Amino acid sequence: MDARRESEPAPAKNRTTVERKSERELVVTRTFNGPARIVFEAWSKPELLKRWWTPKSYEISFISCEADVRTGGMYRFVFGHATSEQPLEFYGRYIEATPHARLVWTNDEGGEGGAVTTVTFEERGAETLVVMHDLYPSKEALDAAIASGSTSGIGESFEQLDEVLAGARQ
Amino acid sequence: MVQFSQLRFDTSFAALSDATRRGVLEQLGHEDASITDLAQKFHMTLTGMKKHVGVLEQVGLVTTEKVGRVRTCRLGLRRLEEEAAWIEGYRQLWDARFSELDKVVEELKRKEKVDGRKKRE
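Chains as they are written, first to last, in this note's numbering: chain W, 1 to 170; chain F, 171 to 291.
The set of hints was computed from the structure by calculation and includes no laboratory data. Nothing here was measured: the structure is a model prediction, and the numbers come from that model. Just so you know, not all the hints are guaranteed correct.
[What the hints assert, rightly or not] Straight-line C-alpha distance at most 27 Å; calculated DSS-like pairs for lysine-lysine:
| # | chain 1 | residue 1 | chain 2 | residue 2 |
| --- | --- | --- | --- | --- |
| 1 | W | 45 | F | 236 |
| 2 | W | 56 | F | 273 |
| 3 | F | 288 | F | 273 |
| 4 | W | 56 | W | 45 |
| 5 | W | 50 | F | 283 |
| 6 | W | 139 | W | 21 |
| 7 | F | 273 | W | 13 |
| 8 | W | 45 | F | 220 |
| 9 | W | 45 | F | 221 |
| 10 | W | 13 | F | 289 |
| 11 | W | 56 | W | 13 |
| 12 | F | 220 | F | 236 |
| 13 | F | 236 | F | 221 |
| 14 | F | 279 | F | 289 |
| 15 | W | 139 | F | 236 |
| 16 | F | 220 | W | 139 |
| 17 | F | 279 | W | 13 |
| 18 | W | 56 | F | 281 |
| 19 | W | 45 | F | 279 |
| 20 | W | 139 | F | 288 |
| 21 | F | 221 | W | 50 |
[What the hints assert, rightly or not] Computed beta-carbon distance windows for the label pairs:
| # | chain 1 | residue 1 | chain 2 | residue 2 | range |
| --- | --- | --- | --- | --- | --- |
| 22 | F | 238 | W | 50 | 18 to 24 Å |
| 23 | F | 285 | W | 72 | 28 to 34 Å |
| 24 | W | 116 | F | 227 | 49 to 55 Å |
| 25 | F | 286 | W | 96 | 41 to 47 Å |
| 26 | F | 283 | W | 85 | 42 to 48 Å |
| 27 | F | 192 | W | 147 | 25 to 31 Å |
| 28 | W | 101 | F | 281 | 32 to 38 Å |
| 29 | W | 125 | F | 193 | 52 to 58 Å |
| 30 | W | 96 | F | 283 | 40 to 46 Å |
| 31 | W | 101 | F | 193 | 22 to 28 Å |
Where is the CB? At the ideal position from N, CA and C, for every residue including glycine.
Between the sequences and the hints, there should be enough to build the whole structure, so can you do that?
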């Protein structure tokens, strides 16, 4: 037991990076201390997704979480927030779901301007590198997502959070 | 991933490498100005000033707006700052999510270990 603990030191918190890779693309990267099949599982089972998608500090919570993580399957996330009566809805379709490797989904709640999100899970030893790539239909669509979220500051009210999440469209 | 921001960084530097363009930025820091105002101020032709403003505009340091026959120039820095702020806000959201996801991953790993042990027994 002790030997095992030595070979697996308490991991330092991994860094999350975000980069506007081009006029139409936004890329988020993060490494997780676990195999790809486990990290993938946490992205593909609604009961697990629910546990991490709405961080406590953001004061949002799931009203419902449906995710049929199969190629062609649909998802619909509905969030509530203490200061708003209107729930927030995000929905779309999984264009691709390759177990332990790749998820691609559409973000349809915003209409035409929605991004297509591709998440890849790349196992590296005991870790998994997750790369989340949002491809917007045009430079204007990404600019608009950014502009709507930045004009009023971030995280101060529900409306602002709404914008952040709409832009974030995971 | 690095390339795009690096490229932008480099062109911003190139835009700032010229004394006139730095002067234009300083001037616009005080007040908005038309191309004509700026050309006079820096003793340049209209065409020459248009070129300088064009370079600054391309990298987002200046924005221009044409009203009637007058093109007004103003500092474009705000846009860059807003984009940087939005990206940082977006990063914080995902960072918060991923901290929670770390916990789920740890739990699943523990569970897998226990289940594996049970299977072997």
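The hints, checked one at a time:
1. 45(W) / 236(F): With Cα atoms ~53 Å apart, residue 45(W) and residue 236(F) exceed 27 Å; violated.
2. 56(W) / 273(F): holds (13 Å)
3. 288(F) / 273(F): Status holds; Cα separation ~23 Å.
4. 56(W) / 45(W): Status holds; Cα separation ~20 Å.
5. 50(W) / 283(F): Satisfied, since the Cα-Cα distance of roughly 23 Å is no more than 27 Å.
6. 139(W) / 21(W): holds (12 Å)
7. 273(F) / 13(W): holds (11 Å)
8. 45(W) / 220(F): violated (57 Å)
9. 45(W) / 221(F): At roughly 56 Å apart (the allowed maximum being 27 Å), residue 221(F) and residue 45(W) break the hint.
10. 13(W) / 289(F): violated (32 Å)
11. 56(W) / 13(W): holds (18 Å)
12. 220(F) / 236(F): holds (13 Å)
13. 236(F) / 221(F): Satisfied, since the Cα-Cα distance of roughly 16 Å is no more than 27 Å.
14. 279(F) / 289(F): Holds, at roughly 15 Å.
15. 139(W) / 236(F): Satisfied, since the Cα-Cα distance of roughly 22 Å is no more than 27 Å.
16. 220(F) / 139(W): holds (25 Å)
17. 279(F) / 13(W): With Cα atoms ~17 Å apart, residue 279(F) and residue 13(W) stay inside 27 Å; holds.
18. 56(W) / 281(F): holds (24 Å)
19. 45(W) / 279(F): holds (15 Å)
20. 139(W) / 288(F): violated (53 Å)
21. 221(F) / 50(W): Not OK: residue 221(F) and residue 50(W) at ~54 Å, beyond 27 Å, violated.
22. 238(F) / 50(W): 18 to 24 Å: violated (56 Å)
23. 285(F) / 72(W): 28 to 34 Å: holds (31 Å)
24. 116(W) / 227(F): 49 to 55 Å: violated (31 Å)
25. 286(F) / 96(W): 41 to 47 Å: violated (30 Å)
26. 283(F) / 85(W): 42 to 48 Å: This hint holds: roughly 45 Å between Cβ atoms.
27. 192(F) / 147(W): 25 to 31 Å: Because 28 Å falls inside the window, the suggested range holds.
28. 101(W) / 281(F): 32 to 38 Å: violated (22 Å)
29. 125(W) / 193(F): 52 to 58 Å: holds (54 Å)
30. 96(W) / 283(F): 40 to 46 Å: Once the Cβ atoms are compared, 31 Å apart, the range 40 to 46 Å for residue 283(F) and residue 96(W) is violated.
31. 101(W) / 193(F): 22 to 28 Å: For residue 101(W) and residue 193(F) the Cβ distance comes to about 54 Å; the hint is violated.
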